[in-house]
Amino acid sequence: AQKVTQAQTEISVVEKEDVTLDCVYETRDTTYYLFWYKQPPSGELVFLIRRNSFDEQNEISGRYSWNFQKSTSSFNFTITASQVVDSAVYFCALSQWGTYKYIFGTGTRLKVLA
Amino acid sequence: GAVVSQHPSRVICKSGTSVKIECRSLDFQATTMFWYRQFPKQSLMLMATSNEGSKATYEQGVEKDKFLINHASLTLSTLTVTSAHPEDSSFYICSALGGEEIENIQYFGAGTRLSVL
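Each protein sequence line maps, in turn, to chains A and B. In terms of the working numbering, the first sequence opens at residue 104 and continues consecutively. In terms of the working numbering, the second sequence opens at residue 10 and continues consecutively.
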């Protein structure tokens, strides 16, 4: 069975702090995709990153970075120097290669306080 | 690029009426679109997969006669909530699956908040 676990329900940080959002997944597939999306209060899910199971390189995009480790089935997301605009719910998702259906985690609500 | 428009953003209707929600991919063609439902402070629940020119595939437990899906073109899918009741009140979100040029990623609309009185 496929499953995505985001154990952190809600995190509060003060602006400029770094914060890491955890994502642990389960799958029997050898080929799959992992994603992160941001859902601000407006409701729209905004695509942040896709990673396929063959590519374990970490990625950095501005203040965002992602750490993918197949050995621990984790795909963690770090925001450096957080800002109030980062306040949102962040979802991690898993997709089976070829089906494109997502299995979402339960989301982590991030509150960045000024 | 990869913009998905969902309309309306909010709708309030009386119990027993039907409501149609549109999902459009504005700058790409989407052979596959997805419809989700999200309850407050919860994750997204996939309701159905919509494929252009064919019948939608519904997830287990989703009533196909209650939630009618039509995907008549490569840029438009509609979800009709028929004979809506208060328990259908929810946040409905669509997504469109990008083609090879945008790496088969789901791009989401802004959602529709349905309130049934």
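No wet-lab data here; the hints were simulated from the structure. Take these hints with a grain of salt, some might be off.
[Claimed, not checked] Below, a list of computed lysine-lysine pairs in the DSSO-like style, where the Cα atoms sit at most 27 Å apart:
{"#": "1", "chain 1": "A", "residue 1": "106", "chain 2": "B", "residue 2": "50"}
{"#": "2", "chain 1": "A", "residue 1": "214", "chain 2": "B", "residue 2": "29"}
{"#": "3", "chain 1": "B", "residue 1": "29", "chain 2": "B", "residue 2": "75"}
Which of the listed hints are not met by the structure? 2
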